[in-house]
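> Work out the full structure, taking the sequences as your base and the hints as a guide.
2 protein chains.
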Amino acid sequence: MRVSEAAQTHRLEQQFAFLNEADRLKSVLRATTLVDGSRVENSGEHSWHLALYALVLADQARPGVQIDRVIRMLLLHDLVEIDVGDVPIHSANGAAHGSAETQAAESKAADRIFGLLPNDLRDDLRALWEEFEAAETPDAVFAKSLDRVQPVMANLMSGGGTWTTYNVTAEQLDSRVGVKVARGAPALWAWVRGKTQAYFG
Amino acid sequence: MRVSEAAQTHRLEQQFAFLNEADRLKSVLRATTLVDGSRVENSGEHSWHLALYALVLADQARPGVQIDRVIRMLLLHDLVEIDVGDVPIHSANGAAHGSAETQAAESKAADRIFGLLPNDLRDDLRALWEEFEAAETPDAVFAKSLDRVQPVMANLMSGGGTWTTYNVTAEQLDSRVGVKVARGAPALWAWVRGKTQAYFG
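For the record, the sequence lines run as chains A and B.
Residues in the first sequence are numbered consecutively from 1, following UniProt numbering.
Residues in the second sequence are numbered consecutively from 1, following UniProt numbering.
To be clear, the hints were calculated from the coordinates, so they are not data collected in a lab.
Restricting the straight-line Cα-Cα distance to at most 16 Å, the calculated cross-link-like pairs of lysine to aspartate or glutamate (EDC-like) are:
(1) B:Lys195 with A:Glu13
(2) B:Lys195 with B:Asp174
(3) B:Lys108 with B:Glu130
(4) B:Lys180 with B:Glu136
(5) A:Lys108 with A:Asp123
(6) A:Lys195 with B:Glu13
Here is the structure:
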């Protein structure tokens, strides 16, 4: 075997170590149900649905947002849950999601999971995930808006969902969800918030 | 309400009619299992995994392939299964997948599902799906390669999977799967085929 073939083989082994590990995201369960309420959603299919949201709702993004970068972020955004699990936005009275403890655990998970990749891919995909988490660039802000609005739609369609589970108030919906959705997609939030009036007034 | 607001509202209603309908892809079951063999995969999470394949295996594509277009195709490629169901590649001794009957049913499903969208999006996304199905452009050929190779990896990881279910021979693996993977990603197929020798020699 030539050196280049050995390097190619090693690279493929690393790429598939990551892709096979990523498969486990299909077994991470979320609090939100499917639209038909039949079962809770897993984080793999959630990530697909969000990428489709980005493709279909691109016209809701602010000028300059690059939808293909948004899609890439959304494909990756939950991988750390393989180690950490999903932390529902309304759980622990809203205190668990985004806590320093959760962030530290997710950073460690990112080290391990992206670390399975060849170095160039590790650095590129880790940087995309960090950008999503920081929620500062226009692409990341829009991606976060979609991540927040999709469970709202699932709750609307399934008859209340996690709003009932966690006794969510209108103020909590606005502060935990609305602010984030409106930041990246203001017209979208105005429309969706109108739909929620049957639950929250 | 101004006309422009009414139009915006109508557009959002159409976009979410599609996105909520798309949710049903999470309930379409495939023959292939998860990597850990714990259950069969659904077509929603499969679509996510394939999009991640495209992101990670971009260096296996031929020069000129636009990975972001490949990702978009893969996000959409199975939506017609909401109406038609998944047709396993090795089922009915390989005769069902891609049959004229299946193709006609999928085309009708595409009319209905993409038809939920505003006209501009309907045309754009339908065209991407048609391009994937035709498997003629470099982007579609690479997308098809990934769609064929991912179940091979799941079978390898889970101890045989659908090869055992359908008594697949080496010749069938090569003709139904290998030719398609090698067309878009020859080095990838050479490597994966080597891994299958324990099953097929």
